[in-house]
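Protein chains in written order, with our numbering: chain A, 1 to 474; chain B, 1 to 119; chain C, 1 to 310.
If you want the footprint, here are the derived chain C segments under chain A, 3+ residues with CB under 8 Å:
no.: 1; segment: 73–87
no.: 2; segment: 104–115
no.: 3; segment: 126–137
no.: 4; segment: 203–214
Calculated pairs, DSS-like style, for lysine-lysine (alpha carbon to alpha carbon, straight line, at most 27 Å):
no.: 5; chain 1: C; residue 1: K140; chain 2: B; residue 2: K58
no.: 6; chain 1: A; residue 1: K446; chain 2: C; residue 2: K205
no.: 7; chain 1: A; residue 1: K285; chain 2: A; residue 2: K232
Everything labelled a hint here was simulated from the structure, so no lab data went into it. We treat Cβ as the ideally placed atom computed from N, Cα and C, and that holds for glycine.
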Amino acid sequence: MNLFDIVIIGGGIVGTSIARELSRYRLSLALLEKESELAFGVSKSNSGIIHPGTQNPVNSLKGRLCVQGNFLIRKIARDLGVDFKEVGELIVAFNEEEASRLVEIKKDAEKLGVPKLKIVGRKWLRIHEPNLSGEAVKALYAPTAGIISPYRMVYDLAENAVANGVEIHTETKVESIVRSNHFEIFTTKGAFKARYIINASGLYADEVSKMAGIDDFKIRPRKGEEFILDKKKEYLTNHLLFPLPSKVSKGFLVIKTSDGNPMIGPTAEDILDKTDLATTDMGFKKVLIAARRLIPSIDENDIIAYFAGLRPVAGDDFIIRHEEKAPGFINVAGIQSPGLTAAPTIALMVVNILKRAGMKLKKKPDFIGKRKKTIHLFAMPLERTRKLIEKDSTYGDMVCRCEMVSIREIRDAIGRGARTLDGIKFRTRAQAGRCHGSFCTTRIMKILSQELKKSLTEVTKRGGASEVIKGERS
Amino acid sequence: MTKNLICIECPVSCILSVDIENCRVVKVKGNKCPKGEEYAKAEMENPVRILTSTVLSKGLSLKMVPVRTDKPIPKAKIQDAMNEIRKIRTEKSVHPGDIIIENFLGFGVNLVATREVSK
Amino acid sequence: MAAAISAFENGARDILLLERDQYLGGILNQCIHTGFGINYFKEVLTGPEYADRFIKKIKAIPEIEISLKSFVVKLTKNNVITYLKPGSLEEVKAKAIIMATGARERTREMVHIAGTRPSGIFSAGLAQKLINIEGLLPGKEVVIIGSGDIGLIMARRFVLEGAKVKGVIEIERRTRGLARNVVQCIEDFDIPFYLSHKVSKIHGKDRVEAVEVVRVNEGLNEVPDSKFKIECDTVLISVGLIPENELIEMAGVELDRKTNSPVSGELNKTSIPGLFVCGNAFKIYDIVDSVSKDSSLAGRRAVEHIAGQA
Numbered sequence: 001m002n003l004f005d006i007v008i009i010g011g012g013i014v015g016t017s018i019a020r021e022l023s024r025y026r027l028s029l030a031l032l033e034k035e036s037e038l039a040f041g042v043s044k045s046n047s048g049i050i051h052p053g054t055q056n057p058v059n060s061l062k063g064r065l066c067v068q069g070n071f072l073i074r075k076i077a078r079d080l081g082v083d084f085k086e087v088g089e090l091i092v093a094f095n096e097e098e099a100s101r102l103v104e105i106k107k108d109a110e111k112l113g114v115p116k117l118k119i120v121g122r123k124w125l126r127i128h129e130p131n132l133s134g135e136a137v138k139a140l141y142a143p144t145a146g147i148i149s150p151y152r153m154v155y156d157l158a159e160n161a162v163a164n165g166v167e168i169h170t171e172t173k174v175e176s177i178v179r180s181n182h183f184e185i186f187t188t189k190g191a192f193k194a195r196y197i198i199n200a201s202g203l204y205a206d207e208v209s210k211m212a213g214i215d216d217f218k219i220r221p222r223k224g225e226e227f228i229l230d231k232k233k234e235y236l237t238n239h240l241l242f243p244l245p246s247k248v249s250k251g252f253l254v255i256k257t258s259d260g261n262p263m264i265g266p267t268a269e270d271i272l273d274k275t276d277l278a279t280t281d282m283g284f285k286k287v288l289i290a291a292r293r294l295i296p297s298i299d300e301n302d303i304i305a306y307f308a309g310l311r312p313v314a315g316d317d318f319i320i321r322h323e324e325k326a327p328g329f330i331n332v333a334g335i336q337s338p339g340l341t342a343a344p345t346i347a348l349m350v351v352n353i354l355k356r357a358g359m360k361l362k363k364k365p366d367f368i369g370k371r372k373k374t375i376h377l378f379a380m381p382l383e384r385t386r387k388l389i390e391k392d393s394t395y396g397d398m399v400c401r402c403e404m405v406s407i408r409e410i411r412d413a414i415g416r417g418a419r420t421l422d423g424i425k426f427r428t429r430a431q432a433g434r435c436h437g438s439f440c441t442t443r444i445m446k447i448l449s450q451e452l453k454k455s456l457t458e459v460t461k462r463g464g465a466s467e468v469i470k471g472e473r474s
Numbered sequence: 001m002t003k004n005l006i007c008i009e010c011p012v013s014c015i016l017s018v019d020i021e022n023c024r025v026v027k028v029k030g031n032k033c034p035k036g037e038e039y040a041k042a043e044m045e046n047p048v049r050i051l052t053s054t055v056l057s058k059g060l061s062l063k064m065v066p067v068r069t070d071k072p073i074p075k076a077k078i079q080d081a082m083n084e085i086r087k088i089r090t091e092k093s094v095h096p097g098d099i100i101i102e103n104f105l106g107f108g109v110n111l112v113a114t115r116e117v118s119k
Numbered sequence: 001m002a003a004a005i006s007a008f009e010n011g012a013r014d015i016l017l018l019e020r021d022q023y024l025g026g027i028l029n030q031c032i033h034t035g036f037g038i039n040y041f042k043e044v045l046t047g048p049e050y051a052d053r054f055i056k057k058i059k060a061i062p063e064i065e066i067s068l069k070s071f072v073v074k075l076t077k078n079n080v081i082t083y084l085k086p087g088s089l090e091e092v093k094a095k096a097i098i099m100a101t102g103a104r105e106r107t108r109e110m111v112h113i114a115g116t117r118p119s120g121i122f123s124a125g126l127a128q129k130l131i132n133i134e135g136l137l138p139g140k141e142v143v144i145i146g147s148g149d150i151g152l153i154m155a156r157r158f159v160l161e162g163a164k165v166k167g168v169i170e171i172e173r174r175t176r177g178l179a180r181n182v183v184q185c186i187e188d189f190d191i192p193f194y195l196s197h198k199v200s201k202i203h204g205k206d207r208v209e210a211v212e213v214v215r216v217n218e219g220l221n222e223v224p225d226s227k228f229k230i231e232c233d234t235v236l237i238s239v240g241l242i243p244e245n246e247l248i249e250m251a252g253v254e255l256d257r258k259t260n261s262p263v264s265g266e267l268n269k270t271s272i273p274g275l276f277v278c279g280n281a282f283k284i285y286d287i288v289d290s291v292s293k294d295s296s297l298a299g300r301r302a303v304e305h306i307a308g309q310a
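Make the full structure from the sequences, and use the hints.
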């Protein structure tokens, strides 16, 4: 068993951002993920907003990391071929009292360094956000807000990290950690040795930390239910729309997503069970009422999908620190919103923590900084599609009719690590459209089975006991 | 005794009123076609069903060959028939109507393919 | 196929039939049960047999060019179709276009069922394809939401394949499907049929574990204290069909927001001259015989349109 310089626990946006950043250096690195695929924990239900940095307390760590992250993520997205769109956000006030709070929010945000903020009035809103409720009086406009696909970001970060030598182990759940000269990490897939551990295990960061002897924080899941609208409504809004924030959340939003479907939500409910991903009738009602307050024309028939995600909350701020009581153990915990935006800065912060903890970091001359953009037919003009098909006929063999995904893209996704139906869905959008996979699931199962040389009964929705079928005629 | 039945011969689903004496059907009302009367008699005296299912193929272009009994079989024997169907492997190319098993389970009906399946 | 054959019979001589699958026949191929053809052919046929009648007929007409694995990606209001198939992307302009794109199933999301999203939730049609075409059994203990015909037919199919169907749950007071299917698919197999009930929640982490069922009153509101749980590993959704009309919408045809059918004064016609819609894409039919009959009319109308243009 070889000794890794660093083992990262957790393959979400935080773990993969750190892995990719560290892969610039001459280090032996491994990333352990308990699920079948990366991004299957907290990250898969992220809304994909790249926040400008408003609505964070002035002296908070998350406030600082978010503003820098909004700047840094643009280059990373460009280098890795992930689409980033700067669409801007509006925090909407419905009366003069709320409007006065916008001024405070603007002042706080400017202290954190959020650029180009502007308070806009009714006339501006009518022109630039015509579907917004006529009751809106003013809004704080933050033009640097953007959208990105959170899971494609994770997959592409991971792919680039692997290209630079990082080992990724999925279905590898950490069960205990022993410290002697170095750490020994015992998992469901054997033991790993490491000089340093970075704990980026999301909802389970408290439990993993406790294994290393640090037991001074708790992760409380805060459930958020999100509702996705039909792509036909792509131009329902021009910006990300926020009401005034409350104490626990940024409120119910009406946003755009990088896949084109608008999304409304999320709820914010503190719960106890870290696996409770159920949506509720109450959540549905609440979100619809709140979204209609912003955009009155939203109809419940526009909703084509919904899901729930859990934010890993550890008090008010992020916990990012080297644990002096467990030298070599670094916690990156409580990374809830704006964790996606802050991830690039979190990674840089971890590099600095490692340096301060005594790690010698030497840059690799042969670091590969860029990756070739993944081909998605739905995102390109037909003329390019024609050229692709003429070069490789399998681009013309359609698997998913609602989202226009070819067999070539599905095979590519498997080549890049997809192992499950959900993994294919997050990477390619196949099964994510109006029919919810009614027409293409069978074919995708067959492709998975052929490419992975598994039987059809072994194909799962998202790993574990989520097998799709229970028997086969034979 | 009078019993109400829904005819299953076609999608019209006529509601039949059936007069029964000594376990025999004496009169059927409510049927829009002669099939209704036949159905009511059979349903009361010896209920039968056409069985449709699939059989596993070997070396053909489709994994499953859809099949049916060309005439109805006793309703009570459907599970027996299914158990037998599950054992069949067919290797020859078929057209709709081609016999897969003659005199299936001795019911006096044939099990026939319903789709063209080639090698 | 019915529209293409009828267009030929009415005089058209240059007909292109685009099919995205590798076989002709569409969804009929997985409908292996009987009940088709009694009006159109005066015979009781299964889905594949019914389709085969048209396949044989169409293959005997050389003027109809059949292009399989052909996927239309674009349709314009001047009746230009762009489609792709393995190896090429093609563009054709037609004097008339008939859309026979069928329907898709309404989803769990469209009826807003709360709970989790584990493996084991299938549309009835997907389950039908898995069993009948692929020989795969989606589950062993099944609850069916909605009493549409495909759901009823699949209840019987699951039982025949050795699974247990633990209930069909219908929110309305009457079945949505045909009475004959209730008799031969539900009553024949003593499957519990819950009318005026709805599934209020789906439970399960990796795989479906149970559903919560509740009685509803005439206003479809939940009746207090009527909740019960049914343990199962599979949920089938059979809550109706919706016409698949995204392509004509792209071309600018006005669709009814509720039904997704083209807004039209006359059968098969749309707001774009020369663009016709037939079958379940035009409106949801109960029986395929009527689809064939009305689609034949669409073929004739297309030819009449071309004649009127000349």
